[in-house]
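Undergrad: Sequence:
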Amino acid sequence: MKHSQHRSPPATEQTPPRLRLKLTTAGDVRRELGRLYREGKSGQRDVGDVSRLANVLQILSRCIETCDLEVRINELEGNP
0 MKHSQHRSPP
10 ATEQTPPRLR
20 LKLTTAGDVR
30 RELGRLYREG
40 KSGQRDVGDV
50 SRLANVLQIL
60 SRCIETCDLE
70 VRINELEGNP
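Residue numbers for the sequence shown follow numbering that gives the first Met the number 0, beginning at 0 and rising by one.
There may be inaccurate statements among the hints.
[As the list claims (entries may be wrong)] So the derived label-pair ranges between C-beta atoms look like this:
1. I72 - D48: 32 to 38 Å
2. Q43 - D67: 27 to 33 Å
3. N78 - T23: 18 to 24 Å
Derived from the structure by calculation, the hints contain no laboratory data.
Keep in mind it's a predicted model, so treat the numbers as computed, not measured.
Where is the CB? At the ideal position from N, CA and C, for every residue including glycine.
Using the sequences and the hints given, assemble the complete structure.
TA: Here it is as structure tokens:
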């Protein structure tokens, strides 16, 4: 049996299109946090939504930092 590919349902009035953001570095996350802040400050986005998304981005930022440190430690110790 073949595995089905994960596909987003087509965008409709009830389901907005999925947004794919490059969030692979701390800088990417910082820029997204800034964008969210500006949207919340200007009233374009609900402040509660901004808070929830910022919390997720903070977790992602810590994961990126941990992974970066893990790579650096492995390089210093001579591990692949």
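Undergrad: Each hint: holds or not?
TA: Hints, one by one, checked against the model:
1. I72 - D48: 32 to 38 Å: Check passed, 36 Å falls within 32 to 38 Å.
2. Q43 - D67: 27 to 33 Å: holds, 32 Å
3. N78 - T23: 18 to 24 Å: holds, 22 Å
Hint check: no violations occur; every hint is consistent with the structure.
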